[in-house]
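Asks: For this one, chain A is given, so just place chain B on it according to the hints.
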Amino acid sequence: MSALHVSRRQMLQISSLLLASTALPTLAAAQNLPKGGRLVVAADSEPKNLNPAIVASNGVFFIASKVIEPLAEASFDGKDGLEPRLATSWESASDGLSITFKLREGVTWHDGKPFTSADVAYCALNVWKPLQNLGRIVFANLTAVDTPDDLTAIFRFSKPTPIQLIRNALPVVSSVLPKHLYEGTDIATNSANVKLVGTGPFTFAEHKPGEYYRLARNENYWGKDQPHLDEIIFRVLPDRAAAAAALEAEEIQLAAFSAVPLADLDRISKVPGLKVISRGYEALTYQLVVDINHRRKELADQKVRQAIAHAIDKQFVIDTIFLGYASASTGPVPKNASEFYDADVPSYAFDVERANALLDEAGYKRSGDGTRFELKLRPAPYFNETRQFGDYLRQALAAIGIDAQIVNADSAAHQKAVYTDHDFDLAVAPPVFRGDPAISTTILVQSGIPAGVPFSNQGGYSNPALDAIISKASETIDSSERTKLYNEFQKIVATDLPLINVAEWGFISVASERVLDIADNPRWAVSNWASTALQP
Amino acid sequence: MKRSLRLVRRRLLASIPVLLIVITLTFVLLETAPGDAVDAYLLSIGGGDAAVADGLRRAYGLDQSLTARLWLYLTALARLDLGWSVAFERPVLALIAERLPNTLALMGSATALSFAIGSALGIVAGSKPESVKDRALSSISLILYSIPGFWLGLVLSLVLAVQLRWLPTSGIETIASGKTGLDRFIDIARHLVLPVSSLALIYTALFLRVMRAGMEEAWTLDFVLFARAKGLARSRIVLRHVARHAALPLITMLGLQAATMLGGSVVIESIFAIPGFGRLAHEAVAGRDAPLLMGIILVSAVLVIIVNLLVDLAQAALDPRIGASEASS
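Residue numbers (UniProt numbering), protein chains in the order written: chain A, 1 to 536; chain B, 1 to 329.
Worth double-checking, as some hints may not be accurate.
Said to hold, decoys possible - Derived lysine to any residue pairs resembling SDA-like cross-links, with alpha carbons at most 20 Å apart:
1) B:Lys179 / A:His207
2) B:Lys230 / B:His241
3) A:Lys48 / B:Ala97
4) A:Lys195 / B:Pro91
5) A:Lys376 / A:Thr386
6) A:Lys48 / B:Phe88
Simulated from the structure, these hints should not be mistaken for laboratory data. As the structure is a prediction and not an experimental result, all values here were calculated from the model.
Extracted from the complex, chain A is given alone in its bound form (with noise of 0.2 Å):
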């Protein structure tokens, strides 16, 4: 007992010490990351308008945000989850009806034009509103952008705001491109969308098409001793056998969004010199969906949605099509967006019987051969898991007498058959969760959508309690109240089954080890990668 005896001064400084332990180093890691060369990375694929601020997707962040800012970077431990890039404070006005940003002092474009509010005003109101994707969403009722000084930007709303969802999309919506280049021309086909130029870390040096995109140092960057490398190269390389070919032969450093299959980690993990990275990516959860026709009269019912969720067993489709990679889902908002996940709704466990029983209530019998009835299944061709999904669930409705006949597709016209002709029963989908649930999660449900809008309800399922509450959350100003009504509309989806939640998952990087400081944020892959370093 004497041994494990300490007094509290002894306590103290042995605290002390474990603190030091863990803060120590970090911080001089950071200062001793070694400086300059160029990391050769794996893309899949060259997207036509490399604008972050027009196109808000993946695919173009993964390249532009390490020439354009935005003006909030996602963080794993930071303030509201937010880490200031170009903006240092955001403040909401009590009425809601305006955002006060303050900006970064000393920043300067990469032509050496100096960064102001003016440029975040334009932006706004010329680019983010009108043309981006999301940003038509999150900033609908934005009238106006005043500009006290040069690093003040008030936003003034037609409607309350929450300053939570403004929060949440910062990341994802705000990338400011440089006023002077695009003022007073067609922005949409403006030369600088090719060849960016921003506020970042790197410059847009070369793009060779079908081959590479080089990005090359900014001497003149605001962060302090930043960043560490020289170059990032983006190679090409549309087969993803060749990514891992390119990795094992040290051509390329870093595979990230899952450019080596999950099947070939496993064997990878074991090559001296790699190692394969689950972090990173947990702002930006894909959520593997089962979206319903509601106009079919069967799947009106119901008890039979609830069959079909009963009949899928998630721990095998995490085990076997995500090799382990994904977590099973409870409802429409995933476990990693902890500010609103809420456990507490229902839950269907895999349960063949309860299933059949379900079935048998609803008046749907076993007809001679077994089959109760037909149905058309659409897998999305967009990742392999979701085809695997396709056939794991024709075989798990075939156990409860729902015959399902899968009907495969390529991207475009898999699009067109669902969003725009509704020639489906059930179809599987990857919608995203983008940090907030207003930002691509209700349109999943909401009723009154348009058809031809891809990633939102065309199932034809209206619920009018589902879709007060999603327009109330969209004026609630208060966080912890609007927080509640996502609360509220998790256990009506869970319960009422619009569509079928079966797993969320983020992606897999597989990086040569020489890569230091990858992973720190959780949008890291999409991040501007100012501090990630190259060991020579």
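Replies: Leaving out everything else, chain B in the frame of chain A:
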């Protein structure tokens, strides 16, 4: 000379309706594929609302009827304007000019290599049909011919590039190396070794078998019997009489193969990340990019027509009987 000139003129005139049919069919075919360029684009950016989709459809001219668009395309084409790629936001001609040389280098070297090696080995095998040498070569060629190209490419890359590190795994040249002149040429050649071998190994087998079959047949013909009766040296009979006779179908084969190789390059170009024509065609279809796809098909059709014209000319030179009737008509 006059004979071949007439041949060229006849063939070029005949190719115009062929091209028109190709264009119209492609247009209709792409139209019947569900989904359009806007669907493909919105998917790639993760969604957009109905107003964005409508605006894009207007901007791309997709709100007009099929016939109106076909007419617009044909009139532009008559001015030698290949149009604007909606998936790349660049002129089609520039895209094609950028990608075509890579594919021609890849395909040209693979065809030349497989033709040279295949016919040489074919002569070896066919010089004495049913001999041990012949049986060995025939079996090897059969095995090679049955291997899928992508598999061979992956295995070669795994062994020679990943394990042994003798060659680069993919790409057309070292990234941003700043190499010029001979250095750059050698660099590109090193990058082409694996993809060219993957393609050539398989086609070598094809040429070998055609050459050998032709020679086997020739040995039974009267003129060979006559040459042997004259007491000519065996090597002379093999090269001047038997092989020359067997070369005719081989050259026809070469013409057919040129078309196959243009299409067959999609897989190899993807595996080895070569920015070529096949990959461009694939991207054009995935993006429902009608103008780009039309441009690619048009250029491919022109290439095939030219290659076949060259084949005809070569055959006319090798065999005096060919083209005689056309010349007299």
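Asks: Are the hints correct? Go through all of them and say.
Replies: Checked hints:
1. B:Lys179 / A:His207: The given pair, whose Cα atoms are some 17 Å apart, holds under the 20 Å limit.
2. B:Lys230 / B:His241: With Cα atoms ~13 Å apart, Lys230 of chain B and His241 of chain B stay inside 20 Å; holds.
3. A:Lys48 / B:Ala97: holds (18 Å)
4. A:Lys195 / B:Pro91: holds (17 Å)
5. A:Lys376 / A:Thr386: Since the Cα atoms of Lys376 of chain A and Thr386 of chain A sit roughly 16 Å apart, the hinted pair holds (cutoff 20 Å).
6. A:Lys48 / B:Phe88: holds (5 Å)
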